[in-house]
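J.: Could you build the full structure based on these sequences and the hints that come with them?
Protein chains: 2
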Amino acid sequence: MAILVVGSVAFDSIETPHGKVDHCLGGAATHFALAASYFTPVRVIAVVGKDFTAEHEAVFTKRGIDTRGLERADGLSFHWKGSYAGSMDSAKTLGTDLNVFEKFEPKIPNEYKDSEYLFLANIDPVLQARVRSEMPNVRRVCGDTMNYWISDHAENLAKVLRELDVLLINDGEARMLTGEHNLVLAAKKVQAMGPKTLVIKHGEYGATAFFGGGSFDNGVKALHPFRAPALPLAEVVDPTGAGDSFAGGFYGYLASQPKLTPEVFRRAMFYGGVMGSFTVERFGTERLQSVTREEIEERFKLFMEISHLDYAGA
Amino acid sequence: MAILVVGSVAFDSIETPHGKVDHCLGGAATHFALAASYFTPVRVIAVVGKDFTAEHEAVFTKRGIDTRGLERADGLSFHWKGSYAGSMDSAKTLGTDLNVFEKFEPKIPNEYKDSEYLFLANIDPVLQARVRSEMPNVRRVCGDTMNYWISDHAENLAKVLRELDVLLINDGEARMLTGEHNLVLAAKKVQAMGPKTLVIKHGEYGATAFFGGGSFDNGVKALHPFRAPALPLAEVVDPTGAGDSFAGGFYGYLASQPKLTPEVFRRAMFYGGVMGSFTVERFGTERLQSVTREEIEERFKLFMEISHLDYAGA
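In order, the protein sequences belong to chains A and B.
When we follow the numbering used here, the leftmost residue of the first sequence carries the number 11, and every step to the right adds one.
When we follow the numbering used here, the leftmost residue of the second sequence carries the number 11, and every step to the right adds one.
Calculated directly from the structure, the hints in this document are not laboratory data.
Mixed in with the good hints there might be a few duds.
When chains are identical, the list treats them as one kind, so a pair holds in a single copy or across two.
[Said to hold, decoys possible] List of simulated lysine-lysine pairs, DSS-like, C-alpha gap at most 30 Å:
1) K117 <-> K169
2) K60 <-> K102
3) K198 <-> K30
4) K91 <-> K60
5) K60 <-> K113
6) K311 <-> K269
7) K72 <-> K269
8) K30 <-> K117
9) K199 <-> K30
10) K199 <-> K311
T.: Okay, structure coming up:
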């Protein structure tokens, strides 16, 4: 089933202990779409500027991603500048030039209207809500957000949360959103806000899914939480986009499956980790552009091997 | 096979958001011994004071733990006073009265000499090394340490590390010991210091085992790392002793098995998490005293359920 993703397509200038890149293709929707494209058809809605060339667009189309929703506006594309030091746990933002993104008004091409899965990447919750309302027939809605919207746009965000089947955020965002440090209690509070299923990403420690009821799908009821590992990596070249790649692998795999069962959901968590582990191996989207489905399956097996008691390869 | 553990048997006065206790039985060797006692015979070497009563000793003997190595000295037992607030990630030490522990000279009873497994809990590395040298015929040696010994007694600690098959420490200790933030690189450095197998505990995120070669046992060679989950808990009453309980479950299970295979090692990591998850449910050793083997097996299954893709209960 096709996923429609709305979010940012941007350029990133990044410095990490392993080097620096200037204006490489980035943005949440980009990482998400590339990661998801290995599993299911993806359609993207975003706005870019004149600096977004045919070569940049080819990064999407080579992966079969539908770019008819990629709007060209006068001006420059969204540009984020950041650096990672030491632990590389979190980015230090050195600059955010919204440029054409500042007046982004998502327009949904007619050809996208039959999308069954919707992913609301991290953008203004007002826009997330609008896109959601214009896609009344989607089967499932998954979304992301960040500290800025949680702290300064809580009311708008609350409206989006009520519409979500799955919310995908990290530890810090879950704690900020709920005022609760304990993640189990935080999950309960999030579930009361709307999304019955919450996936909390723990960075290098993996991710946990909390299930709150039957609303996501009859196949995934109030189970125990599920923990997926992350791959211990000797070298993280650039963590930018790891979370969006997790979301792409997770949601892409879900959308690719005819039926949502607990086992499918669990596998989706693993594919999320797999795609995140590729992204951080290189700067920007380099690795996501070149990875093969065979490498993905091989790494999936590696995730099994590092987490399963009785994995045959052990 | 029997485990000999040397370490602290102490009294803890603890305050957490869930209440406070005064002078409850604690200490690394206590938590370790109780957790391990559900799997294998355990013998303890420690020093206690006059405040350690027959009732306290019965906590050990009720669990079949051999206390002939429990030395009574004049004075009071080691007393630790600490509190946890907010995230409860780390304790704030409010006071440490070493008391009789200050002049602790471990003496190994003859009846303990045939122990096949040795656990060197977190004490002065000089004492760890001495006990190790007096037990030349043990089959396996596992040890713990803490920031104080890492920073101020590095040379003595280095001698102990060379004698260890497995080192069990947490994220912060691994980073401090190696000066390396990345845990994969930190593991490689630790392995060059002696222990070919390193288990790093990540608190609420579980634990990772790194295997560096064949020295631990021919059955566990240079495998990929293995990640064991921790149980997401809505309520952590008192985290004190969780790490020592992990060590007890881990090492106790290993010692109980006739042959060390990769699968046995993996299961040991799960049992470590299981025992840690019980400990934090109540203050001090309360839960470790009352848990049953049936509850342990039930929770082991729960650990499978929250981490395995194809667990039958899913």
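J.: Each hint should be assessed against the structure and marked as holding or not.
T.: Comparing the hints with the structure gives:
no., hint, verdict
1, K117 <-> K169, "within (20 Å within a copy, 67 Å between copies)"
2, K60 <-> K102, "within (27 Å within a copy, 55 Å between copies)"
3, K198 <-> K30, "between (40 Å within a copy, 27 Å between copies)"
4, K91 <-> K60, "within (19 Å within a copy, 64 Å between copies)"
5, K60 <-> K113, "within (15 Å within a copy, 75 Å between copies)"
6, K311 <-> K269, "both (22 Å within a copy, 26 Å between copies)"
7, K72 <-> K269, "within (28 Å within a copy, 52 Å between copies)"
8, K30 <-> K117, "neither (34 Å within a copy, 58 Å between copies)"
9, K199 <-> K30, "between (40 Å within a copy, 27 Å between copies)"
10, K199 <-> K311, "between (34 Å within a copy, 27 Å between copies)"
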